[in-house]
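There are 2 protein chains.
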Amino acid sequence: MDLSSPDAVPQGYWTAGPEPRATSLRGVETWDAIRARRNVRSYSDRTIDPEHLDRVLEAGRRSPSASNRQKWDFILVTDRAPLQELSTVWVGAAHLAVAQAAIVLVLPEPEAERYVTIDQYDLGQATMAMLLAATDLGIGSGHSAVGDQEACRRILGTPADRTCAYMIALGYPADRPLAPIANPDRRPFDEVVHRGRW
Amino acid sequence: MDLSSPDAVPQGYWTAGPEPRATSLRGVETWDAIRARRNVRSYSDRTIDPEHLDRVLEAGRRSPSASNRQKWDFILVTDRAPLQELSTVWVGAAHLAVAQAAIVLVLPEPEAERYVTIDQYDLGQATMAMLLAATDLGIGSGHSAVGDQEACRRILGTPADRTCAYMIALGYPADRPLAPIANPDRRPFDEVVHRGRW
Numbered sequence: 050m051d052l053s054s055p056d057a058v059p060q061g062y063w064t065a066g067p068e069p070r071a072t073s074l075r076g077v078e079t080w081d082a083i084r085a086r087r088n089v090r091s092y093s094d095r096t097i098d099p100e101h102l103d104r105v106l107e108a109g110r111r112s113p114s115a116s117n118r119q120k121w122d123f124i125l126v127t128d129r130a131p132l133q134e135l136s137t138v139w140v141g142a143a144h145l146a147v148a149q150a151a152i153v154l155v156l157p158e159p160e161a162e163r164y165v166t167i168d169q170y171d172l173g174q175a176t177m178a179m180l181l182a183a184t185d186l187g188i189g190s191g192h193s194a195v196g197d198q199e200a201c202r203r204i205l206g207t208p209a210d211r212t213c214a215y216m217i218a219l220g221y222p223a224d225r226p227l228a229p230i231a232n233p234d235r236r237p238f239d240e241v242v243h244r245g246r247w
Numbered sequence: 050m051d052l053s054s055p056d057a058v059p060q061g062y063w064t065a066g067p068e069p070r071a072t073s074l075r076g077v078e079t080w081d082a083i084r085a086r087r088n089v090r091s092y093s094d095r096t097i098d099p100e101h102l103d104r105v106l107e108a109g110r111r112s113p114s115a116s117n118r119q120k121w122d123f124i125l126v127t128d129r130a131p132l133q134e135l136s137t138v139w140v141g142a143a144h145l146a147v148a149q150a151a152i153v154l155v156l157p158e159p160e161a162e163r164y165v166t167i168d169q170y171d172l173g174q175a176t177m178a179m180l181l182a183a184t185d186l187g188i189g190s191g192h193s194a195v196g197d198q199e200a201c202r203r204i205l206g207t208p209a210d211r212t213c214a215y216m217i218a219l220g221y222p223a224d225r226p227l228a229p230i231a232n233p234d235r236r237p238f239d240e241v242v243h244r245g246r247w
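One line per chain: the protein sequences are V and Y, in this order.
Under the working numbering, the residues of the first sequence are numbered 50 to 247, in order.
Under the working numbering, the residues of the second sequence are numbered 50 to 247, in order.
Take these hints with a grain of salt, some might be off.
Any copy, or any two copies together, can satisfy a pair, since identical chains are not distinguished.
Said to hold, decoys possible - Think about it this way: if two alpha-carbon atoms lie no more than 20 Å apart in a straight line, the pair counts; the simulated SDA-like pairs of lysine to any residue are:
1. K120 <-> V165
2. K120 <-> Q133
3. K120 <-> T166
4. K120 <-> T137
The hints are simulated quantities; they were obtained by calculation from the structure and are not laboratory data.
Using the sequences plus the hints, can you model the full thing?
In structure tokens form, the structure reads like this:
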């Protein structure tokens, strides 16, 4: 594709092609997925193929972690009732009520103080892998923190020694489809990037 | 490509094609990059095109963060002397001495207790975006923690109120090129993934 026109949507990528998306696992180029990922919080009523959800989960499972500890469990929720209940566990989770699915990322108690931060870093890596795997398939994603642990535990049946750390809502965008974004709302490159030293 | 043979290296992807990799930014499909990323800690002496390094950094810059806070700075290091020095700031950082480049992820002091974990989660997301952008271009990556903050600060000139959180070493693999991995060393899918509830 022509990298000089980053907003162009390549034919047959996220837009409907001769093969319906829901029955193919054809994705897009990595750089397109990285540039097209955005927070999506309103979703169409189109359901997500189970095979596609499994691919998103597989991307998370494959993520790296400190000493390959993999201290995560992923709960896939697709039923409307628990999605609606989960939308109340955090002030920024309302969009889960209308999502087609959500993946809840669960952590055990860290076995040492230093893992408090490391496990979060590793969950961040797994999250990004899943967001990009979803984007690759045209699926919008919007993640959220979890405030009310008691409620999350009751809704999902997680054990008392686990924490519901984050939730990733999934669904096809209700508004515009995913496409590479030319100028994302971010700090300028030359402010973020230091060359050689600070 | 044929997804049923995940170890196949697509022609013209990571392998040398008619167009030399170093002068093109042609990448691979997202799902291939996700499956091909692995920790690479021994590197060939081939240098990395500056344009490719910038693309990796741009992937990090575009990452999502809580309330779009973007509490990160990235220091790109390509000179041999500081790379060798950085290889001593953590017991697991020896591979930086032979890397072609490293990106050091720097965080400010969190402004509230709750950001201690959130900033780490966000750094994890930025890290994964950069690892996959590197993989997309055939560049191997191996990240590392930072133990000796004093040393890192001295080597890179970071202010006293910043922490060198992680380092990402980059270079073309000295052994086998990147290619999708069929069976990564991870917990089984059905153990990690819970359906509906715990």
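Quick rundown of the hints versus the structure:
Taking identical chains as interchangeable, the C-alpha atoms of K120 and V165 lie at most 20 Å apart whether they share a chain (11 Å) or sit on different chains (19 Å). In this assembly of identical chains, the alpha carbons of K120 and Q133 never lie at most 20 Å apart, being 27 Å within a copy and 32 Å across copies at closest. In this homomeric assembly, K120 and T166 come within 20 Å of each other (Cα to Cα) both inside a single copy, at 12 Å, and across copies, at 15 Å. Taking the shortest Cα distances, K120 and T137 never come within 20 Å of each other, neither inside one copy (26 Å) nor across copies (28 Å).
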